[in-house]
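A.B. asks: Sequence:
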Amino acid sequence: WEDQFNLALDPDKAREFHDQTMPKEAHKVAHFCSMCGPNFCSMKITQDVRDYAAAQGLSEEEALKKGMEQKAVEFKKAGAEIYKKT
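Number 210 in this note's numbering belongs to position 9 of the sequence shown; there are no gaps in the numbering.
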């Protein structure tokens with residue numbers, strides 16, 4: 202978050218607004234934003250892809266392709282329904 206605040210026109214005001222939206226002190230230092238949360242954070246997903254690619258000895262593009270192929274198989278096995286009834 203500090204990098205994002207420092208890019209703002211008014212970093213102090215940006216920090217103040219951010220802190221107002223956080224219900225607990227621990228949330229202010231979380232490694233994901235308050236907008237999407239940890240499961241849908243594009244920054245976290247990007248870092249996860251980079252880490253996975255490095256661990257597998259793949260380029261980021263290869264890791265993305267492999268991951269999408271795996272997710273397609275999972276999707277089809279689960280019934281290929283976008284919206285599932287719970």
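Rather than coming from a laboratory, the hints here were simulated on the basis of the structure. Take the hints with a grain of salt, since some may be wrong.
In the DSS-like style, the derived pairs of lysine-lysine whose C-alpha atoms are separated by at most 25 Å in a straight line are [stated by the list, open to error]:
1. K225 / K245
2. K266 / K278
3. K267 / K286
4. K225 / K214
5. K266 / K245
6. K286 / K266
7. K278 / K267
8. K266 / K277
9. K267 / K277
10. K245 / K272
11. K245 / K267
Listed next, with one range per pair, are the computed distances between beta-carbon atoms [as the list claims (entries may be wrong)]:
12. I283 / A215: 34 to 40 Å
13. A281 / E226: 42 to 48 Å
14. V274 / V250: 14 to 20 Å
15. Q221 / G280: 41 to 47 Å
Backbone N, C-alpha and C fix where the C-beta goes; we use that ideal spot for every residue, glycine too.
A.B. asks: Find the hints from earlier in the document that the structure breaks and name them by number, from lowest to highest.
C.D. replies: 3 and 6
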